[in-house]
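Trainee: Chains as they are written, first to last, in my numbering: chain A, 1 to 511; chain B, 1001 to 1306.
Think of the hints as simulated: they come from the structure by calculation, not from any bench. Note that CB positions come from ideal geometry on N, CA and C, so glycine has one too. Mixed in with the good hints there might be a few duds.
To be verified - Facing chain B, from chain A, some residues (calculated, C-beta under 8 Å):
(1) Leu53
(2) Val54
(3) Tyr68
(4) Glu72
(5) Pro73
(6) Lys74
(7) Ser89
(8) Phe91
(9) Asp92
(10) Ala93
(11) Leu94
(12) Thr101
(13) Leu102
(14) Gly103
Unchecked claim - Distance windows between CB atoms, simulated:
(15) B/Val1270 to A/Asp345: 39 to 45 Å
(16) A/Arg369 to B/Tyr1087: 34 to 40 Å
(17) A/Asp345 to B/Tyr1087: 28 to 34 Å
(18) A/Asp92 to B/Leu1101: 33 to 39 Å
(19) A/Arg369 to B/Leu1101: 37 to 43 Å
(20) A/Ile133 to B/Gly1061: 51 to 57 Å
Stated by the list, open to error - Sample of chain B residues with no beta-carbon within 10 Å of chain A, all distances over it, derived:
(21) Gly1116
(22) Ser1121
(23) Phe1122
(24) Ala1156
(25) Ala1172
(26) Asn1176
(27) Ala1231
(28) Ile1245
(29) Val1285
(30) Met1287
Take a look at the letters that make up each chain.
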Amino acid sequence: MSELLKIDGLTKAYPGVVANDDVSFEIAEGEVHALLGENGAGKSTLVKMIYGLVKPDSGQMTLGGAPYHPAEPKAARASGVAMVFQHFSLFDALTVAENITLGMENAPHRRELSERIREVSNAYKLPLDPNRIIGDLSVGERQRVEIIRCLLQNPKLLIMDEPTSVLTPQEVEVLFETLHTLSDEGTAILYISHKLEEIKTLCDHATILRHGQVVGECVPKEQTARKMAEMMVGASLHTPVKKNLHPGEVILNVQGLSLASKNPFGTTLKDINVTVRAGEVLGIGGVAGNGQDELLLALSGETASPRQMVQVNGVDVGDLNPNERRELGLLTAPEERLGHAAAPDMTLTENAMLTGNIRQRLSSNGFLRWNAARGFAKAIIEQFDVRTPSSENTARSLSGGNLQKFVIGREVLQDPTVLVVNQPTWGVDAAAAADIRQALMDLAEGGAAVVIISQDLDELREVSDRLAILNEGQLTKPAETADLSMDDIGLMMGGHMGDGSDNTTQEAAHV
Amino acid sequence: MDLSAINPLALIASLIVASTPILLAAIGELVVEKTGVLNLGVEGMMIVGAIAGFAVSVNTGNPWLGFLAAMFAGAMLALVFAILTQYFLANQVATGLALTLFGLGLSALMGINYVGKKPPSFPKLDVQFLTDIPIIGQAFLNHDYMVYISILLVAAVWYFLKFTRTGLVLRAVGENHDAAHAIGYNVTFIRVLAILFGGACAGLGGAYLSLISVSSWTEGMTAGAGWIALALVVFASWKPWWIIIGAYLFGGVTVLQLNLQAVGVTIPAVYLSSAPYVVTILVLVIMSGGRSSAPASLGRVFHASH
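Turn these sequences into a full structure, and let the hints steer you where they fit.
Mentor: The following block contains the structure:
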């Protein structure tokens, strides 16, 4: 295979941070090349330079042997470089065809373009109707639009920025098939991700970035995921350690919680019974959409239930609102970071105040105590290694992993008696995920009751003492995690309730 | 009360004249809003256009030059808005309001010496056989050229937005400026051009008031026409042809209620005066059927930082 893109000594500095420092590597034709690195390692800046969105301070690139200095994305596209963005660059109110024509140079006429969209999308098994409005499409379909837009221009190099972070496992499979076909046809793919298992199955070669520098290269198929993670982080990765636990009193007691969802497409919770003791981590697994969100809302107080259905330390809290529950020590961290856990355009200090006000006494007599709030935000940033210039930056400006550390840290530092978290490490890189898990386990060790709702079974097996599965709004009887094999868990997810009844098997079969 | 005193043909003719300033300003603002920019300075740009056009026409004796000057003046005021909001990232609402206040003051100052003067007359579409067509000829085919220009302008804007690639890019910028930037379009430049176009149209609308429909200069003569134009864009769901319907409907009810007052209808004048607003809003709200089609980036500040 001959060399396609050669990157030589690219450097880009922003005020206060060197995003890329003398980065060099090569991509061959038809190669699937992974760009690995933690959040903030400089992956995005690097691909933006390749795509002409950012100009390097110094360094050269050559594409197919010729010097390559794209001044803008148009020039990059003209040279055969295409990019699929992590946050899609699509226009909701426009049709598929209009979206595609916007991203093309010399787009053909309407009818001809629609024809070609159908052709190419069928050829790559990504069927698309050119006349549909983007706003009506699913996330997976939207990504198809982006990919087809790139493919219509016969790219020599296709850049994909974390393409799977929004896809279901089935959609990921389809995507990988497409990428394999492309690579067989000679298209090089630069694949950015921090999902190491994916990279192992997909990529021929990997370049690893840390703090803007290339710190290693490897052939992913020959490496363990753990080894690659350590190269990314630059330190040996510690697996969270579980101490011997002596669970104490029952702190959280959920009794017969049945609740219809407010959302017409939601799941109704059916007769959920579970207790969590002090010092214990309860894991709740299951495929998304089986009542996870509804359970979190019922525990946080965003949906009220009959009062005796939820008890904290023997006090009925079912009909209390979130702030009243916070007063009693029941804290929660929802899945959706931007918009639910944090207000995107407010600063970290303000966000710290939003849930911390009650327990940290961040206001008095109706007036805000800014210094106290800032101190609290700074404590979170420091203790949870949140990478941000200051506590006055907006939540939106943080990367997903950093914001998640902030959100979890904000609740943990309020010294909860019960903490419920939903998907604590979703879209978070390996090092940050390990930190978050460790923090949750430390919290339990300190005597709190912790509930972790997650779809990552490996995570749940690692951190939880007992494990239960949510299935169509019903919760299995929790079992000791140590006693459960992966097969057992699979059976529980298939609808076996763990207590012998298997009345939901049939319902679950079509999930 | 004698309703037969109202001549429907004269009514149609005068409603078209009454509507044209609003139509011109609104179609300009529609293009601006389609790129995601909310310029509340329409009223200010209109009145500056009104006095600039008036002054140039009176001094040169050429009304065409007056309209050109009005477009230029409106665009210059819009340029101030463009620089403040697109390069200094000022808040669009506050800047637009300031522009209106500034325009009202500036026009009063510019117009001191022009109160009571007469502008040169403006040529009409005066083709004998067209005007002689019964009914239609009187109502529709005997107007000044600007009326037809304004309708052509709406058609052009519709065609441009719907069928041209540049129009698509313009809509895309208003829909999602971050995505447009990521694909490689110059969001700021496109918006500045649209803002200038909006200013020119508003200036044209203002000059139509001072040169044709009122035919004199008085301080504050736009009297809220710019605000009507702004509201019209929203109620017309950002659709060019609906702007014509809305503008003519508003102009029509305005003229009609004046006629009704003149013939002494027993409905209190306050209700009649408010009728144009109520009727226009009701009709357009019912037409749009509750679906909002506002450009998704409307009024949001764009900064190419990420």
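Trainee: For each hint, tell me whether it holds in the structure or not.
Mentor: A quick look at each hint next to the structure:
| no. | hint | verdict |
| --- | --- | --- |
| 1 | Leu53 | 7 Å, holds |
| 2 | Val54 | 10 Å, violated |
| 3 | Tyr68 | 16 Å, violated |
| 4 | Glu72 | 5 Å, holds |
| 5 | Pro73 | 3 Å, holds |
| 6 | Lys74 | 5 Å, holds |
| 7 | Ser89 | 4 Å, holds |
| 8 | Phe91 | 4 Å, holds |
| 9 | Asp92 | 6 Å, holds |
| 10 | Ala93 | 5 Å, holds |
| 11 | Leu94 | 6 Å, holds |
| 12 | Thr101 | 7 Å, holds |
| 13 | Leu102 | 5 Å, holds |
| 14 | Gly103 | 5 Å, holds |
| 15 | B/Val1270 to A/Asp345: 39 to 45 Å | 43 Å, holds |
| 16 | A/Arg369 to B/Tyr1087: 34 to 40 Å | 38 Å, holds |
| 17 | A/Asp345 to B/Tyr1087: 28 to 34 Å | 22 Å, violated |
| 18 | A/Asp92 to B/Leu1101: 33 to 39 Å | 35 Å, holds |
| 19 | A/Arg369 to B/Leu1101: 37 to 43 Å | 39 Å, holds |
| 20 | A/Ile133 to B/Gly1061: 51 to 57 Å | 53 Å, holds |
| 21 | Gly1116 | 50 Å, holds |
| 22 | Ser1121 | 45 Å, holds |
| 23 | Phe1122 | 40 Å, holds |
| 24 | Ala1156 | 20 Å, holds |
| 25 | Ala1172 | 5 Å, violated |
| 26 | Asn1176 | 5 Å, violated |
| 27 | Ala1231 | 22 Å, holds |
| 28 | Ile1245 | 22 Å, holds |
| 29 | Val1285 | 20 Å, holds |
| 30 | Met1287 | 19 Å, holds |
Of the hints listed earlier, those the structure fails to meet are numbers 2, 3, 17, 25, 26, in rising order.
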